[in-house]
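Undergrad: Generate the whole structure from the sequences, applying the supplied hints.
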Amino acid sequence: MDMKHDIRQAFDSVHASDALVEKIKQELYQKDHLSSFEEESFEAIEAPRASNWKAGVFVAAVLALCIGCGGAIFSLRTQINDFNPGSSVTVTEEVTESPSETDFSES
Amino acid sequence: MLTMYKDDMVHQNTEITMTGVSFSIVDKYKDTVYRAALATVGNPHDAEDIMQEVFFKYFRLQPKLKNEQHEKAWLLRVTINEGKNLKRSVWFRNRTTVDFRTIPDSSEEPREMSPVLEAVLSLPVKYRTVIYLYYYEEYAVRQIAEITAQTEAAVSKQLSRGRNMLQKKLGGTNYGHEA
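If you read the sequences in order, they're chains A and B. Heads up, the first sequence stops at 106 in numbering that gives the first Met the number 0, and the numbers go up one at a time, no gaps. Heads up, the second sequence stops at 178 in numbering that gives the first Met the number 0, and the numbers go up one at a time, no gaps.
Simulated from the structure, these hints should not be mistaken for lab results. Be aware that one or more of the hints could be misleading.
Computed list of lysine to any residue pairs in SDA-like fashion (alpha-carbon distance at most 20 Å, straight line) [claimed, not checked]:
#1 A:Lys30 with B:Ser23
#2 A:Lys3 with B:Pro123
#3 A:Lys22 with B:Asp45
#4 B:Lys71 with A:Arg76
#5 A:Lys3 with B:Asp45
#6 A:Lys3 with B:Thr31
#7 B:Lys56 with A:Gln25
#8 B:Lys156 with B:Arg141
#9 B:Lys168 with A:Met2
#10 A:Lys22 with B:Lys168
#11 A:Lys3 with B:Ser23
#12 A:Lys24 with B:Arg59
#13 B:Lys83 with B:Phe22
#14 A:Lys24 with B:Asp30
#15 A:Lys3 with B:Lys83
TA: Put into structure tokens, the structure is as follows:
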């Protein structure tokens with residue numbers, strides 16, 4: 000007895016019913032028509048697309064605003080550092096200079 | 000693992016268009032898909048549902064397949080996956096088991112199953128799918144591994160165990176020993 004032969008014979012006797020095949024075809028046909036109809040109606044009511052230049056202008060404006068704000072903050076901070084007598088730069092200079100002079104005079 | 004399908008998706012099936020769909024693929028592969036579905040789910044009623052779902056998926060996705068061989072392999076792979084998904088579903092696991100052979104069939108012909116087919120379908124799903132692909136569709140172990148997304152070693156093991164189980168069911172150790 001040949002297993003392969005028996006299995007082939009067993010599955011050869013299995014067939015999809017004609018009624019099922021017809022049902023599948025009908026449903027596919029309906030789905031196909033429905034999908035093409037939906038596409039047509041979608042195209043008809045679809046809103047016109049916004050053009051790309053508007054998005055470009057928006058991005059450029061936001062970028063300019065950011066650069067402007069950043070520049071303003073940076074210049075303000077520089078001015079504060081320059082004219083503030085208690086800034087860190089001035090204090091450091093005073094601290095480093097005075098002990099060396101004292102040490103030198105004592106020795 | 001998927002090289003067989005992904006790399007070769009070059010051929011567009013020209014039968015399929017949006018305006019006029021040709022259903023020749025249903026006629027061509029109806030029995031192949033139905034048999035694979037039956038081998039996976041184990042009963043005709045679920046096999047019919049799977050078959051329907053597979054063809055819907057084919058027409059929805061319209062895969063670009065290189066040739067007929069790949070077309071068939073794609074359909075078998077989807078059929079087996081759909082069958083496994085159905086068997087994994089909560090609904091499938093919780094439903095009452097009914098012997099489908101006792102249910103009167105709506106089609107003209109009464110369903111009769113050969114003892115060999117009954118024995119194959121009584122095997123666990125992983126064994127019967129592999130047995131079907133190897134003995135009926137005549138795929139090599141490597142191809143079955145690609146279709147079922149397993150390793151070749153796993154497929155060989157399932158084939159060997161399935162064969163042994165089938166031998167026991169169908170007539171002892173002497174059954175199926177080919178010369």
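Undergrad: Straight-line Cα separation of Lys30 of chain A and Ser23 of chain B no greater than 20 Å?
TA: holds (16 Å)
Undergrad: Holds or violated: are the alpha carbons of Lys22 of chain A and Asp45 of chain B at most 20 Å from each other?
TA: With a Cα-Cα distance of about 15 Å, the restraint between Lys22 of chain A and Asp45 of chain B holds, given a limit of 20 Å.
Undergrad: Decide if the proposed pair is consistent with the structure: Lys3 of chain A and Ser23 of chain B, CA atoms, cutoff 20 Å inclusive.
TA: violated (29 Å)
Undergrad: Just to be careful, I want the Cα atoms of Lys3 of chain A and Lys83 of chain B compared with a cutoff of 20 Å; is the pair within it?
TA: violated (24 Å)
Undergrad: Lys24 of chain A and Asp30 of chain B: Cα distance at most 20 Å?
TA: The hint holds at about 15 Å.
Undergrad: Are the Cα positions of Lys3 of chain A and Thr31 of chain B separated by 20 Å at most?
TA: Judged against 20 Å, a Cα distance of about 17 Å means the pair holds.
Undergrad: Assess, step by step, whether the Cα of Lys24 of chain A is no farther than 20 Å from the Cα of Arg59 of chain B, and give holds or violated.
TA: holds (14 Å)
Undergrad: Check the hint pairing Lys156 of chain B with Arg141 of chain B against an upper bound of 20 Å on the C-alpha distance.
TA: The hint holds at about 13 Å.
Undergrad: Decide if the proposed pair is consistent with the structure: Lys3 of chain A and Pro123 of chain B, CA atoms, cutoff 20 Å inclusive.
TA: Given that 20 Å is the threshold and the Cα spacing comes to 19 Å, the pair holds.
Undergrad: Would you mind confirming whether the straight-line C-alpha gap from Lys22 of chain A to Lys168 of chain B stays at or under 20 Å?
TA: Status violated; Cα separation ~37 Å.
Undergrad: Lys71 of chain B and Arg76 of chain A: Cα distance at most 20 Å?
TA: Violated, at about 72 Å.
Undergrad: Can the restraint linking Lys56 of chain B and Gln25 of chain A be considered satisfied, given a maximum Cα separation of 20 Å?
TA: holds (15 Å)
In this structure, the hints that do not hold are numbers 4, 5, 10, 11, 13, 15, in rising order.
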